[in-house]
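This is what each chain is made of:
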Amino acid sequence: MLSLVQSGMTAIRLDSLTKRYGEYVAIDEIDLSVMEGEAFGFLGPNGAGKSTTLDILLDYARPSSGTATVLGYNAQDNPREIHDRIGVLPEGYDLYDRLTGYEHLRLPASLKGVDIDADRVLDRLGLSQADADRPVGTYSTGMRQRLALGMATVGDPDLLVLDEPTSGLDPHGISLLKRLVIEEVTRGTTVFFSSHILEHVAETCDRVGIIDDGRLKTVAAVEDHTSSLGELFDRHTSGSPSEPPGMRSGSGGA
Amino acid sequence: MLLVSVIGVFQAVARGLGPTSATAAVDNLGLPFQLLVPLAAILVGCFTVSGERASGSLRVLLGMPLSRTEIVVGKLVGGLAALAVGVAAAIGFAILVSLGTFGTVPVRPLVGLGVTTVLFAFAFGGLSIGVSAAAATPKRSIAVVTGGYMTMTFLWEPVVVGIHRAASQVLPSSAVATWVPFLERLNPIEAYADVATILGGASVYPLRITFGLLERDSGASLADHVSGVVAGYLVEPFLIGVLCAWTMVPVLFGMVRLRAVDIS
Numbered sequence: 001m002l003s004l005v006q007s008g009m010t011a012i013r014l015d016s017l018t019k020r021y022g023e024y025v026a027i028d029e030i031d032l033s034v035m036e037g038e039a040f041g042f043l044g045p046n047g048a049g050k051s052t053t054l055d056i057l058l059d060y061a062r063p064s065s066g067t068a069t070v071l072g073y074n075a076q077d078n079p080r081e082i083h084d085r086i087g088v089l090p091e092g093y094d095l096y097d098r099l100t101g102y103e104h105l106r107l108p109a110s111l112k113g114v115d116i117d118a119d120r121v122l123d124r125l126g127l128s129q130a131d132a133d134r135p136v137g138t139y140s141t142g143m144r145q146r147l148a149l150g151m152a153t154v155g156d157p158d159l160l161v162l163d164e165p166t167s168g169l170d171p172h173g174i175s176l177l178k179r180l181v182i183e184e185v186t187r188g189t190t191v192f193f194s195s196h197i198l199e200h201v202a203e204t205c206d207r208v209g210i211i212d213d214g215r216l217k218t219v220a221a222v223e224d225h226t227s228s229l230g231e232l233f234d235r236h237t238s239g240s241p242s243e244p245p246g247m248r249s250g251s252g253g254a
Numbered sequence: 001m002l003l004v005s006v007i008g009v010f011q012a013v014a015r016g017l018g019p020t021s022a023t024a025a026v027d028n029l030g031l032p033f034q035l036l037v038p039l040a041a042i043l044v045g046c047f048t049v050s051g052e053r054a055s056g057s058l059r060v061l062l063g064m065p066l067s068r069t070e071i072v073v074g075k076l077v078g079g080l081a082a083l084a085v086g087v088a089a090a091i092g093f094a095i096l097v098s099l100g101t102f103g104t105v106p107v108r109p110l111v112g113l114g115v116t117t118v119l120f121a122f123a124f125g126g127l128s129i130g131v132s133a134a135a136a137t138p139k140r141s142i143a144v145v146t147g148g149y150m151t152m153t154f155l156w157e158p159v160v161v162g163i164h165r166a167a168s169q170v171l172p173s174s175a176v177a178t179w180v181p182f183l184e185r186l187n188p189i190e191a192y193a194d195v196a197t198i199l200g201g202a203s204v205y206p207l208r209i210t211f212g213l214l215e216r217d218s219g220a221s222l223a224d225h226v227s228g229v230v231a232g233y234l235v236e237p238f239l240i241g242v243l244c245a246w247t248m249v250p251v252l253f254g255m256v257r258l259r260a261v262d263i264s
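Heads up: the protein sequence lines correspond to chains A and B, in order.
Our numbering puts the first sequence at residues 1 to 254.
Our numbering puts the second sequence at residues 1 to 264.
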């Protein structure tokens with residue numbers, strides 16, 4: 001298991017972060033600090049507010065009140081400075097069916113002004129060069145997810161923000177993802193990883209934050225006692241993990 | 001479709017439906033262009049930003065170092081370039097068909113029509129892309145832009161008359177206020193026909209429905225009409241400006257809207 005690397009610098013800092021959709025409160029006064037070099041798991045049932053929080057970090061959405069700071073920059077005021085240095089696997093994304101895997105990998109590389117070793121990226125994700133030559137329209141869900149992960153790692157980002165990265169992955173894909181996260185953290189990358197599945201977070205993360213009903217219930221270090229983390233998760237969450245996501249439309253809550 | 005219509009127009013003119021000359025054929029080309037170019041612009045433009053927003057690929061683009069404004073500018077440059085290539089291909093094809101049918105090429109009318117049609121395509125391209133940036137889904141963008149095109153085609157005259165009625169409490173008579181023809185020419189279809197006529201020396205008619213609510217004073221020149229509001233020497237820049245405004249104003253509106261919304 002990974003040791004907690006705390007250089008004292010904050011990679012992500014949320015101060016009283018709140019997002020309301022009309023009457024509905026998606027996230028409520030969240031305070032959180034994630035240290036540089038840390039692998040942080042953001043854990044909660046579907047509809048708890050994980051994606052809303054990540055959307056604000058990535059400036060897809062704007063907070064109703066409070067602030068989000070990423071790598072020292074305000075998420076809403078300096079999105080370009082942030083996005084130059086981070087890699088993102090968003091939730092609810094789509095790729096371009098007519099472009100090939102290689103073309104997808106070249107996109108972030110050219111926008112970030114870096115050269116990529118595409119074959120190394122492919123190798124890490126278990127994609128072959130023949131796969132990368134094909135249009136993404138022919139890919140399976142898991143292959144798309146692995147390619148999107150690969151796009152996030154292009155340019156050796158300082159921070160990886162992964163929203164439900166295990167969704168759509170088969171057991172082999174999940175083990176590739178875990179290895180990738182561990183490699184990135186070893187390299188010094190901060191990883192912020194959301195999931196509704198405890199095991200996926202527990203095996204790769206140094207600390208977890210448990211969120212439910214839009215509130216951050218607790219933050220705990222992950223040591224080798226996954227079982228007590230399970231109790232923690234059960235104690236702090238009311239919804240069942242199989243609930244359909246409903247909060248993003250603003251119509252319901254967990 | 002543009003190419004097929006080019007052949008159709010030249011064939012119809014060559015067979016003596018109306019005046020038989022290559023220039024007359026160019027005049028008539030303006031009509032299918034006014035139908036097909038807006039349709040092409042809607043197909044190209046309405047899916048751009050709202051299509052990516054609805055599918056989720058906008059979230060991938062925004063995850064990289066790209067601003068929302070840059071995305072709209074990129075879509076605009078790409079969309080307008082595609083439309084310009086389409087129009088250029090149609091004009092190039094018209095040159096070949098003209099050579100084959102009449103043995104001559106009416107260069108000035110064709111170039112004038114081509115340049116104006118590109119501006120016209122940009123007007124509807126800008127409108128479609130701007131609305132696409134402001135709307136959450138391609139369906140909504142198509143509804144808004146198609147509605148706008150229908151208004152320009154069918155309802156512009158009643159709207160202008162209504163504005164006149166509201167402003168002066170009377171329906172416009174033959175002695176209409178000077179700003180009525182000005183309002184009419186804010187319609188890109190009207191501006192297109194006028195600019196194509198001025199630049200090409202042919203006579204291109206606006207493809208829109210009028211109900212005879214406004215008297216058409218055939219004796220007055222275009223300059224007479226517009227000079228009530230715009231000085232005579234500014235008529236051409238004014239009309240070209242109308243087409244450019246239809247390109248840029250919706251795009252700026254779309255950029256401002258897109259910057260304000262949550263991309264979920």
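Hints should not be assumed to be uniformly reliable.
With a straight-line Cα cutoff of 20 Å, these simulated EDC-like cross-link-like pairs (lysine to aspartate or glutamate) come out [what the hints assert, rightly or not]:
no., chain 1, residue 1, chain 2, residue 2
1, A, Lys178, A, Glu36
2, A, Lys112, B, Glu70
3, A, Lys178, A, Glu203
4, A, Lys112, A, Asp158
5, B, Lys139, A, Glu203
Just so you know, the hints here were simulated from the structure itself, not pulled from any lab data.
Every value quoted in this text rests on a predicted model; they were computed, and no experiment measured them.
A quick look at each hint next to the structure:
A threshold of 20 Å between alpha carbons decides the hint, and for Lys178 (chain A) with Glu36 (chain A) the separation of about 19 Å falls inside it, so the pair holds. This hinted pair checks out: Lys112 (chain A) and Glu70 (chain B) have alpha carbons roughly 14 Å apart, not beyond 20 Å. Pair hint Lys178 (chain A) plus Glu203 (chain A) holds up; C-alpha atoms about 8 Å apart against a cutoff of 20 Å. A threshold of 20 Å between alpha carbons decides the hint, and for Lys112 (chain A) with Asp158 (chain A) the separation of about 13 Å falls inside it, so the pair holds.
Proximity of Lys139 (chain B) to Glu203 (chain A) is assessed by CA-CA distance (about 44 Å); at most 20 Å being required, the pair is judged violated.
Hint compliance for this structure: hint 5 is the single one not met.
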